[in-house]
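Keeping the supplied structure of chain A fixed, place chain B upon it in accordance with the hints.
Residue numbers (the working numbering), protein chains in the order written: chain A, 17 to 465; chain B, 19 to 374.
Treat the hints as calculated values from the structure; they're not laboratory data. Please note that a few of the clues may not be correct.
[Claimed, not checked] List of simulated lysine-lysine pairs, BS3-like, C-alpha gap at most 30 Å: (1) B:Lys341 to B:Lys50; (2) A:Lys205 to B:Lys314; (3) A:Lys204 to A:Lys164; (4) A:Lys384 to A:Lys330; (5) B:Lys72 to B:Lys306; (6) A:Lys192 to A:Lys206; (7) A:Lys206 to A:Lys165; (8) A:Lys229 to B:Lys314; (9) A:Lys192 to B:Lys21; (10) A:Lys204 to A:Lys165; (11) B:Lys314 to A:Lys206; (12) A:Lys109 to A:Lys205.
[Said to hold, decoys possible] Some, not all, of what chain A presents toward chain B, calculated at C-beta under 10 Å: (13) Val271; (14) Val437; (15) Val439; (16) Ser445.
Here a beta-carbon is modelled for each residue, glycine too, at the ideal position from N, C-alpha and C.
As a plain string of letters, each chain reads:
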Amino acid sequence: MLQYLDQDYAQSLESELQERLHQRADFLCKHVVIAGEKFKGYYLRTLVNLPVTLSILNQIVMDKNNDLKWDALHSMEVDASGSLNALFDYVLKGKLILFGQEGFFAIIEPEGAELSRAVMSPNSENPLQSAFDAFTEDLDTNIGLIQKKMISDQLVIETRSVGNRALKKIAMVYLKGTTLPEVIESVKKKLDENAHLELSTVRDLTRILGHPKLTLIPTYISSELPEETVQNLLNGKVVILMDQFSFAFAFPAIVSDLWSTTLDVQYPLLFQVFLRAIRGASLLLSVTLPGLYVVLNSVNPELLRIQLAITVAKSREGVPYPSLIEALLVLLLLEMIIEATIRLPKNIGPTITMIGGILLGQAIVQAKLVSNLLIIILVASAISNFALTSYMNAVGVRLYKYVVLVVSSIFGIWGLEAALVWVILYFASLTTCAVPYLSWSVKGRMADE
Amino acid sequence: MNKFQTIILFFLLHLASIFAIFPERMIASASKGHWMPVAIIFLAELLVLWLYLKAMSKFPEKTVMELCSDSIGKWGAGLIVLPLLVFLFLEVVLLTYYLSSEIRTVLLPETPAYATSAIFVAICFYGAWTGLAAMIRASMGWFILFMPFILFSLLISIGNFNFHYIFPVWDSQFSFLLRPDFYVGTIIFAGFLFLGMTPSHLRIRFGTAAALVGVIFLIALTSVYVPLLIFGQETAIHFQYPMLMASDTVDLEWVVFDWLPSFYVVSSSGLGLIKVAVLLWMFTSMLKQLYLPKAKSRWILAVVCLFLYAASQWIPNIMALDKFLYINACLCLYSTVGFPIIVYLSTLWRRKEVRA
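Bound conformation, chain A alone:
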């Protein structure tokens, strides 16, 4: 706001500002000259590109005549009050504050320093037939990406700041008329209620939205692709973007997100149905296979045809411990291999795969420590686990596998069944953002409830 303050007040503001920010090494106070007048500029050196800003300011002011030249500055100004706290915030947000003679004072939106990377192709997702640009860390860029992909007057974008100690900007995006009003209301209400909570991680975000702490499946779908996010919006989800986070979070997740990605719609319908059926089958397999192995091996071997039962028993010949321990040991090893390959540099990853998969797998069977059938079963279960749509979903399924394993080692096929009945009940009891987890879709008239 271009304004004149009381001179004494302006001076006290300046000194207090300097005092509060003297611990910041990059906080500077410089004398600058704009259109022949002297100013004192306060700013953070790491966030403001001062030379460029000054030349732009001079350019704007230069060709105006004397009366209008300060009005011309309006185009670069920020609306603000002259209180100390507000000024302090503006400096931290990377604005330039100018104090002139006679209490003249302005807050300028400067040319920022180059801190964001450009829009690039995604790092953690591999779309096949889709747009390849991915979100970056900058919130405005991300919103821009969505808007570019979706030109619609129904698109609503609300930004707000969350947090107490450190402010975090988030944007809530949804399609009016497509997203259910109940969902929008519930998200908004939680964001208003919990605006004081700190937000720095994704878990903080789910806490702010009031989702349960312990869930087997994530309550959101994260995506790096604007294309996927647009599809999520069209499916009636509310998307939340966090500043300095290159993922968009679509709320709420429903059960079909376990086996369908929004990019499936890019394929012919028959292919889509086929792919989803495969993923559904792999969901079932990855949960039940290890449990089924233990059941057929040690609790209910009479279920199998006698020839097959003998083959199964033969493959375990000489293995010194019960099949539950055997399965748990190899599962642990498998989990460690998966965990180890995730964060390793790309040029070491294959080595681990080779050592773990080929050498160890072969050796452990030859040493008669585990049966080779178990290796087949576990690898099948691991592969089917990664056929699920996102890594987050896969982790929940991976965890539940152990519950199934333990219960079915005690109660056999009945335990396996009970574990499946329980997990369906658990899914049915989940409700996030006013949408039950077991719904057909989030869009339009609600699938159930």
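Coordinates of chain B only, in the frame set by chain A:
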């Protein structure tokens, strides 16, 4: 879509009885023309269901409990519902015992009874804890999970049929009406009582329900006739689990599994879980509404489950189960036939009162 799931739950609850208790009782109740008792039971169900849904549709915003206590007062409703509560509890206990002994006999001969029924009761407890709405949602998942097993175990033994056992088809004396086993078969009705306690937007219309009863009738007929056509009446009557024995007569080359009755037990126990969970929920919510309005429903549920577990351990053997089933038949008749009629009459009476 939402009503569709209610329909599924309705269907599954009936299937639960078809896969436990119902077929052997029907076989025992008649010596010829077994389709007649089955048909009569289902015609009776249609009639009662019509009255029940008619009564409910007049006051779409209310559950059956509120209807009763509005028209005949809290004490009257308490009296009317009391036998129903006893029926529900007995039914839940008997079903738990029946199924856990079935699991023990067929699948887990070495696991102690207390462990098998403990996990059974625990899952039913969790189901009732999540509430009816959640169970209605879950019914779709259960349907997908169990339907292959159900159809498989119903139909695998078709190859062994001996169609001569179908005769004679007509029993002119209606002798089954005099046998208690026929009335035990009415527990299949318990599957529709939950319709009176669903939230109003999940209610189904009579037309849909009637069509569904038709489908269930066909499946019930199959379940009665499969053992009959394989073993004949004289043999089948001696089996404790006739359907199970029927699927044991089959040897399918292309299935990797040898012990096919386990499919039957898997589907039967899964369906039983659902039925017990739903009935438990009904029991606790009725108890809370009419007798213990101040208690927390989850505590009531926990206590009820403890009793259920203790009671199912206390039943000494399958003979005692039979005795209890006969006792329960009277209560069952009251709660599945008498109670809907009372509800219907009370709504009629209330309408007159409102008009006057």
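Hints and how they fare:
no.	hint	result
1	B:Lys341 to B:Lys50	25 Å, holds
2	A:Lys205 to B:Lys314	28 Å, holds
3	A:Lys204 to A:Lys164	25 Å, holds
4	A:Lys384 to A:Lys330	12 Å, holds
5	B:Lys72 to B:Lys306	25 Å, holds
6	A:Lys192 to A:Lys206	19 Å, holds
7	A:Lys206 to A:Lys165	28 Å, holds
8	A:Lys229 to B:Lys314	24 Å, holds
9	A:Lys192 to B:Lys21	27 Å, holds
10	A:Lys204 to A:Lys165	24 Å, holds
11	B:Lys314 to A:Lys206	27 Å, holds
12	A:Lys109 to A:Lys205	27 Å, holds
13	Val271	8 Å, holds
14	Val437	6 Å, holds
15	Val439	9 Å, holds
16	Ser445	4 Å, holds
The structure shown violates none of the earlier numbered hints.
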